[in-house]
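Visitor: Quick note on the numbering used here: the sequence shown kicks off at -13 and runs consecutively.
Honestly, the hints are just simulated from the structure, not real lab data. Errors might be hidden in some of the hints.
Pairwise CB distance ranges, derived in the manner of DEER restraints [unchecked claim]: (1) Arg11 <-> Asn65: 23 to 29 angstroms; (2) Ser151 <-> Asp202: 28 to 34 angstroms; (3) Asn63 <-> Asp131: 44 to 50 angstroms.
Derived lysine-lysine pairs resembling BS3-like cross-links, with alpha carbons at most 30 angstroms apart [unchecked claim]: (4) Lys193 <-> Lys133; (5) Lys194 <-> Lys133; (6) Lys(-6) <-> Lys29; (7) Lys22 <-> Lys(-6).
Every residue, glycine too, gets a C-beta built ideally from N, C-alpha and C.
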Amino acid sequence: MTDSPLDKLLLELVQTAQNSPCPSRERTRALGALVKALRNSGKLSRPMRGQFQGFYNDIYEEALQRLFTYICERVDNYNPERANVLGWVNFLLVQRFFIEASREFIAPVYKGMDPKAVKKVSLEDLDRAIPSDISASSQTSLSNDLKRYIQEDPDQVFQATHIDSYPEVSFQWITLQRLDGYAWRELSDQQGIPVATLSSFYQRCLKKFAPTIRQDLL
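Turn these sequences into a full structure, and let the hints guide you.
Guide: Encoded structure:
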């Protein structure tokens, strides 16, 4: 099969990076162009479509961030005799990084719910995972209670826990922004912090604080 123009471009960028010293301006430039070409290609796989309703895009974006970080750090691992660049990239995305990212978005089940019937949700989607037999007014109440709890910060830890050198980017701020529907990319653009950094910090905090939040609210 004849390689497409995209395949040729991706291979050229990978080989340029591989043949350039690390670190070097040439390698950095080639890797930046490679990531941009992959993002704009429209050929990256979209695994498990139809699952993770409400936050699939967040999982996918996190998976891409992990993928691109790996490519930039391990581009020398690519072997053209095993697959073309796009095949290598999509294999990593589907078989490793999407799975890893999806596991970061697991939260506990509400009391009284059937665990087998619950989809994996993150803290910002707790109010979406309420059982169908709970009234709309109860759903609204629980959502408001969660926001109020994060805002009041009874133990004074949500605001105090923040990204190094960014005291305004706290667990409290991120959680409230996410509850209000802001996407990771919007928060990243607003603060000038990579999506992967924001998401990783948030997930670490979520694991730490989720038991207390569940105990106090549920």
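Visitor: Work down the list of hints and note, for each, if the structure agrees.
Guide: Checked hints:
no.	hint	in the structure
1	Arg11 <-> Asn65: 23 to 29 angstroms	holds, 25 angstroms
2	Ser151 <-> Asp202: 28 to 34 angstroms	holds, 30 angstroms
3	Asn63 <-> Asp131: 44 to 50 angstroms	holds, 48 angstroms
4	Lys193 <-> Lys133	holds, 18 angstroms
5	Lys194 <-> Lys133	holds, 18 angstroms
6	Lys(-6) <-> Lys29	holds, 14 angstroms
7	Lys22 <-> Lys(-6)	holds, 15 angstroms
Hint compliance for this structure: every hint is met.
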